[in-house]
Amino acid sequence: MKNDEGLTQEQFELLLAWLDPDPVRAGERYEKIRRRLIAIFLNRRCQEAEDLADKTINRVAKKVGELKDSYVGDPARYFYGVAKKLLLEYHRQHGRPIPSPPPPVTHEELEQPLACLDKCLAQLPPENKELILHYYQEQKKAKIAAHKELGEQLRLKAGALRARIFRIRAKLEECLKECLRDSPEGNDI
Amino acid sequence: MSRQSDEEVLMRKYLLGDLDEKQQEQVEERLLCDDGFADRLDAAQDHLLDDYAFNLLPEGEREKFEQNFTLDGERREKLLFAQALESYVSADDARPREDVRPPSRWWKNLLLLLGEHKAWSAAAFATLVLLIFLAPKITSWLKPDDHAAASQYRADIERQLAELNRRPLEQTQPTFDLTLQPVLLRGGGELKEAVLAGQIKNLGLKLALPQVRYGRYRALAQTVEGTELFAVGGLEPASGAAEVLLRIPSEFLPAGDYQIELKGVAADGHEESAARYFFRVRK
Numbered sequence: 000m001k002n003d004e005g006l007t008q009e010q011f012e013l014l015l016a017w018l019d020p021d022p023v024r025a026g027e028r029y030e031k032i033r034r035r036l037i038a039i040f041l042n043r044r045c046q047e048a049e050d051l052a053d054k055t056i057n058r059v060a061k062k063v064g065e066l067k068d069s070y071v072g073d074p075a076r077y078f079y080g081v082a083k084k085l086l087l088e089y090h091r092q093h094g095r096p097i098p099s100p101p102p103p104v105t106h107e108e109l110e111q112p113l114a115c116l117d118k119c120l121a122q123l124p125p126e127n128k129e130l131i132l133h134y135y136q137e138q139k140k141a142k143i144a145a146h147k148e149l150g151e152q153l154r155l156k157a158g159a160l161r162a163r164i165f166r167i168r169a170k171l172e173e174c175l176k177e178c179l180r181d182s183p184e185g186n187d188i
Numbered sequence: 000m001s002r003q004s005d006e007e008v009l010m011r012k013y014l015l016g017d018l019d020e021k022q023q024e025q026v027e028e029r030l031l032c033d034d035g036f037a038d039r040l041d042a043a044q045d046h047l048l049d050d051y052a053f054n055l056l057p058e059g060e061r062e063k064f065e066q067n068f069t070l071d072g073e074r075r076e077k078l079l080f081a082q083a084l085e086s087y088v089s090a091d092d093a094r095p096r097e098d099v100r101p102p103s104r105w106w107k108n109l110l111l112l113l114g115e116h117k118a119w120s121a122a123a124f125a126t127l128v129l130l131i132f133l134a135p136k137i138t139s140w141l142k143p144d145d146h147a148a149a150s151q152y153r154a155d156i157e158r159q160l161a162e163l164n165r166r167p168l169e170q171t172q173p174t175f176d177l178t179l180q181p182v183l184l185r186g187g188g189e190l191k192e193a194v195l196a197g198q199i200k201n202l203g204l205k206l207a208l209p210q211v212r213y214g215r216y217r218a219l220a221q222t223v224e225g226t227e228l229f230a231v232g233g234l235e236p237a238s239g240a241a242e243v244l245l246r247i248p249s250e251f252l253p254a255g256d257y258q259i260e261l262k263g264v265a266a267d268g269h270e271e272s273a274a275r276y277f278f279r280v281r282k
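First to last, the protein sequences are chains E and H. 0 is the number of the first residue of the first sequence in numbering that gives the first Met the number 0; add one for each residue after it. 0 is the number of the first residue of the second sequence in numbering that gives the first Met the number 0; add one for each residue after it.
Please keep in mind that the hints were generated in silico from the structure rather than gathered at the bench. Careful, some of the hints might be misleading.
[As the list claims (entries may be wrong)] Below, computed lysine to any residue pairings styled on SDA-like, alpha-carbon distance capped at 20 Å:
| # | chain 1 | residue 1 | chain 2 | residue 2 |
| --- | --- | --- | --- | --- |
| 1 | E | K128 | H | K282 |
| 2 | E | K84 | H | K63 |
| 3 | H | K63 | H | R75 |
[Unchecked claim] Facing chain E, from chain H, some residues (calculated, C-beta under 10 Å):
| # | residue |
| --- | --- |
| 4 | V8 |
| 5 | D19 |
| 6 | Q22 |
| 7 | Q23 |
| 8 | E58 |
| 9 | K77 |
| 10 | P173 |
| 11 | L244 |
Note that CB positions come from ideal geometry on N, CA and C, so glycine has one too.
Let's have the full structure, built from the sequences with the hints guiding it.
Listed below in structure tokens is the structure:
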């Protein structure tokens, strides 16, 4: 794999300006692209996904000076082209390792998350708490009919019910992460 | 699990490493270039993690998950969340659920009752008529004048706030700007302060939005104890912005601690609590 050194401030600023003339929007765009590159490398079974995403960005940034005036189209596509090349290099070097399956979680490991979950659920409006617990209880029983019935009770179509559940779920997840970070054992996770 | 659309099937196969090279590339290009698609893929990943944690994946998919789904720190956190949810739900399973059905209309129940007990119908009907005619009078007995005045005052404040928040930025008077991050757990972080003194006429609160976004928001200002003060609706983030701006005249905010509850307004008009922010006003 090629040697990918860090970026100069000038190269980084040029990259951001290429992504968007507005610095705030450029920063957001940069974060989005980085996050999505990490997801792509993870989905291609690369353990060092974050490093590879940063290497991709560095390579693009070093080219921006040459291509910014001539490149046509969404810059994200260019990132993808570079990411694919990097992926080939990575697989040539490391092969395609099979990730180890997630280890089973122990009751002790769940103690703190459960305490946080309890706290976070208590902060939801009661109807949202009922709704999400009911949904996941039925999910556990894998009863499609029960979801349909729940949707009917709330006069929601299946898609709308799921969208609502996932909005509540995302809030809970964010709350749980924050709670775990604040807890003394948080650093172990 | 509910029936999946073609796109959901494609996304799940992608996450399980079950697509050919060309299909993978198509998904990845969209993931990088299409925000909506990227959000839906995030949701598909959450769904997959839920199904894994709840042991709902068919054997073949479970095997593929374990062979292909590479975990990094963030995915590990997500899986832990799903496992905690599964464990919580299992423990909670025995508890009887409350009915989430919307309450039926009271007058329907009343008519039903009158139909079933004809002997009482006439007396009940007479009482009902009496109540209807006396209702305005009774309300005036129960509602003191100062309550009406407070309602009127709040309505005035909300009208002024709505007008101020509709006005273009350049037309507003000197403003103290304060950026607030959502607080998920009370008591977390340092309380930000706004000094509303001298020429400062308005407080401009830039409310950073959490990950879950809505097109429109309504802000509810409260004291830290939870007493409602006023609400401002129709707040929209500027195009591409990750915050909404809420402007409040200084005169409506005496020195003290406040909280803002931001409610997201869904496409069907349904409101959900999106975030909460705390701040202090000094004069």
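* To do: Please name the hints from earlier in the document that this structure breaks, with their numbers sorted from lowest to highest.
  => 1, 2, 4, 5, 6, 8, 10, 11
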